Amino acid sequence: MKPDALSRRAFLGTSVTALGGLAFSSAGLPALGRPRGGPPRILVVLELRGGLDGLAALQPANHERLMRVRPTLAKPAAQLELLADDCGLHPRLARIAARFRAGGLGIWRGVGHDQPSLSHFESRDWWDEGLVGEVRTGTGWLGRFGETLPPDPLAMLAIGDGSLPGSMRGVSRRPPAVRGLSGLALRGPEAPGTKGNLRGVQRAEAIERMFSATRGDGELEFVARLGLETALAARRLADAEERRPKTGFPRSRLATDLAAVAAVIDSNLPTRVFHVVQDGYDTHADQAASLERLLGDLDASVDAFLTHLAAQGRLGEVLLMTTTEFGRRVAESGEGGSAGTDHGTASVLFLAGGGARPGLFGPAPDLERLDSAGNYAAGVDFRRIFAGVLSQWLGADPAELLGPQFAPEDVVIA
Amino acid sequence: MKSRAWLEPLAAERWDRAAAAHLARRAGFGATPEELDRLVALGPKGVVASFVDWPEEEPLLDQRQAEHGTALADLREGTTSAQDAVSRLREQWLWRMVATEHPLREKLALLWHDHFATAESKVVRVALLRRQYETFQKLGGGTFRALAGAIARDPAMLVYLDNRVSKKKHPNENFARELFELFTLGIHNYEQRDVAEVARVFTGWTTKERDAAEFRFDPAIHDSNDKLVLGQVIGGRGGARGEEEGDLVLDLLVARDECARFVAEKLLRWFLTHEPQPDLVDELARVFQQNGSSIRETLRVLFASEGFHAAEFRFRLYKTPVDWAVSGARLLGLRNVHLLGLDKRLARMGMKLLEPPSVAGWDSGRGWIQSSQLAERYELALALASVAHSRRPVHGAAAADFDSLGAGLEQDPKALCDRLCGRLLQRDLAPEARAVVLEHLEADSALLEQGERRVAHRIQRERVRTLTHLLLCSPEFALA
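Protein chains in written order, with numbering that gives the first Met the number 0: chain A, 0 to 413; chain B, 0 to 479.
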């Protein structure tokens, strides 16, 4: 073979097996987590960061007290996408409402926990860890689940700002966190006076070999292993990037990240859990305009993602779940167009995809009985939903991962 | 089991080049072979002193900074956008970390920035951030009590944790809570009641009205009733004397054993090990107390101790992104580091200066070893290995003297590899990894010889660049 005839991918493809036995292929993986012999089930967690106002996303309809304490923000029932007599979705969630009516969506209201913390950091930590209170494990609920998956560095993947969400932090594993699918690639120098990119290709290859040849104490091996896993993951993600759907997705950060998730699924990579983020829900001010934009983006992006999966015949393998660290105060603050809401407690949670049990669940928020800060009490503990997802969708033991006290909710179709 | 005496002075005969290199990696950003020659000649006391005893002023550095033209010129607010201004402050700080002869001052400033974290996104005004950075530079080695007093009055902190708007009628607990939890005692060493009382103590600690750049105590919004903090009565004071209550609370907190342990643990995590043994923490906490909370004297004892130089700690600390980038630039002898766009690269590595992720500061230890952040490090490794070559100082470009690094070893690639390992890693690569590096060096040289750049000195310069790139990517370089 003439060196300059090699593409980087072909070259690396032939040398994978030389990398110290740390090569992976989805075909060779054990069929763990394939309940009842079907295809592996995939979970996509969509974090609505900042604290989604559950009372605006799914608004109680014709609620006298709500209309009084939210003179600017509450909408008349006629403007809502009514789902039941007593509540309706925000008008910008029209596609989600249509999916709900078609029986493709579960909506859970009043999701939170019984020790509300109004701190973003603390509450996000709790949701990430699946624990509430002073206990800290330093690991996330998804990260602990990930420890049970085959040891492929792409078993879980966070697509977003490049930082690993706390929920995916494992004991020994650190799933890749990427900005787009091309960002991890190792590069070498451009080659002055040589044909093609061979010099750069060889350099990247040498660095990978250096990682796999590294032996030493715990820290040294840890860095070497992460470096090698990163390089190998980069190569497979770059392949997936070529399959990223070019049409059908709106232009937004969230839609782009969900299209990347779709590309990884379409490429049959062994990723079982994805994490994506839509940021901006901390609507202390100008909530009406912000939610128009955010929920409109959420509605269009999620709809495009689900439509794509259905077209590929994969919708039945994928469950999408939203999370948010807390809801927002019942009464609005500020005045007129700049009205917003402060940190609250419970919020709404969506489950979509082939596995989601359709319907509206959880008791309606009791807005007549508020705590001293002006927040309503959660009706569904978020860990019972996590427990349901773990046991019914991922085939894991929630008692082991979350503790025994959280009976799973029925979140997916039996 | 007899507990170990961690902080006994290290025996003189154990002070060697490797010990000096270890100290330089931890107290600074690593030492070049030339710097190590000088450090070893100073003897044990002199080495430690050369790190902990820095002069008040660094006129040479200030002069060089001034010579660097617009990119590093003193900031004139209003001449540039706020975003440019804060980027420039970051670049200036990073430039000083690379250029200074007293790296511990800058490293401690970074430690205190992490400890008393404030973020540009909330503080907004770059003048306040600059002032806070200068406070860390100036007081970072002094007593913890003095630093705490300055930070409690620091305008950026007063804005960041909302104490500026804390009034008798509506005391804001944000600063009071973090003063206990993150700044002095650590969680579980106080109760909510103490937080509420201390919030009342600090009512009236605010900024000047028209211009938030100066501290001001405002008796009109201070709660002058008595408070009970950790079981001790802080007598209420009216008028201007109300400010004294805050200082009494700081005296009280800094004198607690919990505070000594909290600060000692922070110093140990930063300078020695991610998981300090409890008896080591206790021992250093006593040194802290015996020295009136002096950071400089506490570190002087630590850096010269048996424990600090124990084999179990060497090369076991994960470098932060800043440590990684600055040590790479320093060990290469890089000039004009501010022209590398380090500010934005560090943001992608997860460590945007002046913008820690929360009041709790940055992640630490293993938290820094993440795939996308590693990928950014490898990108920077390539950028560092690719800067212009120059023997003389140059304007307008980042540059390093690659020819000197490779001089005399044109015919001996193995010795060249070992020389650069000595410079960049201060240790050997594992034999298998060294074999991979040498194999690549040979293949890479062969490619270059086929190409147009057959001139021998050019090839040698490329070899140095190639080795630099590989060694900066090596797992060894990620550890201090």
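If you're looking for bench data, these hints aren't it; they were derived computationally from the structure. Keep in mind it's a predicted model, so treat the numbers as computed, not measured. Careful: at least some of the hints might be erroneous.
[As the list claims (entries may be wrong)] A few chain A residues that don't get close to chain B, going by computed Cβ distances all over 10 Å:
(1) P175
(2) E218
(3) E228
[Claimed, not checked] Residues from chain A that face chain B, not an exhaustive set, calculated with beta carbons under 8 Å:
(4) F120
(5) A176
(6) R178
(7) L183
(8) R214
(9) T229
[Stated by the list, open to error] For the chain A half of the interface with chain B, some residues (derived, Cβ under 7 Å), not all of them:
(10) V170
(11) R172
(12) R173
(13) V177
(14) G179
(15) G199
(16) Q201
(17) A205
(18) I206
(19) R208
(20) T213
(21) V222
Using N, Cα and C, we set each Cβ at its ideal position, and we do this for glycine too.
Hints, one by one, checked against the model:
Not every CB of chain B is more than 10 Å from the CB of P175 of chain A (nearest about 4 Å), against its label as outside the interface. At the 10 Å boundary, the C-beta of E218 of chain A falls inside the reach of chain B, the nearest C-beta of that chain being 5 Å off. A Cβ of chain B approaches the Cβ of E228 of chain A within 10 Å, the least distance being about 7 Å, so the stated non-interface status is violated. The criterion of a C-beta within 8 Å of any C-beta in chain B is met by F120 of chain A, whose closest approach is roughly 5 Å, and the hint holds.
For A176 of chain A, the interface hint holds, the least distance from its beta-carbon to any beta-carbon of chain B being 5 Å, beneath 8 Å. A least Cβ separation of about 7 Å between R178 of chain A and chain B falls short of the 8 Å threshold, and the interface hint therefore holds. With a cut of 8 Å, the hint placing L183 of chain A at the interface with chain B holds, because the nearest CB-to-CB distance is about 5 Å. Because the smallest distance between the Cβ of R214 of chain A and any Cβ of chain B comes to about 5 Å, under 8 Å, the interface hint for this residue holds.
Restraint check, T229 of chain A versus chain B: the minimum CB separation of about 4 Å is within 8 Å; hint holds. Interface restraint check for V170 of chain A: the shortest CB-CB distance to chain B comes to about 11 Å, outside 7 Å, so the restraint is violated. With a least beta-carbon distance of about 11 Å to chain B, the hint placing R172 of chain A at the interface is violated under the 7 Å criterion. Against a cut-off of 7 Å between C-beta atoms, the interface hint on R173 of chain A holds, since the closest Cβ of chain B lies about 6 Å away.
Because the beta carbon of V177 of chain A sits about 5 Å from the nearest beta carbon in chain B, less than 7 Å, this interface hint is met. Hint status for G179 of chain A relative to chain B: violated, with the closest Cβ pair at about 10 Å, above 7 Å. Contact between G199 of chain A and chain B, as hinted, is not supported at the beta carbon level, the nearest pair being about 9 Å apart and thus beyond 7 Å. At a threshold of 7 Å, the smallest CB-CB gap from Q201 of chain A to chain B is about 6 Å, leaving the interface hint in force.
Nearest Cβ of chain B to the Cβ of A205 of chain A: about 4 Å, under the 7 Å cut. The hint holds. Against a cut-off of 7 Å between C-beta atoms, the interface hint on I206 of chain A holds, since the closest Cβ of chain B lies about 5 Å away. Hint status for R208 of chain A relative to chain B: holds, with the closest Cβ pair at about 4 Å, below 7 Å. Hint on T213 of chain A holds. Least Cβ distance to chain B is approximately 5 Å, under the 7 Å limit.
Residue-level restraint check for V222 of chain A holds (minimum Cβ-Cβ distance to chain B is 4 Å; threshold 7 Å).
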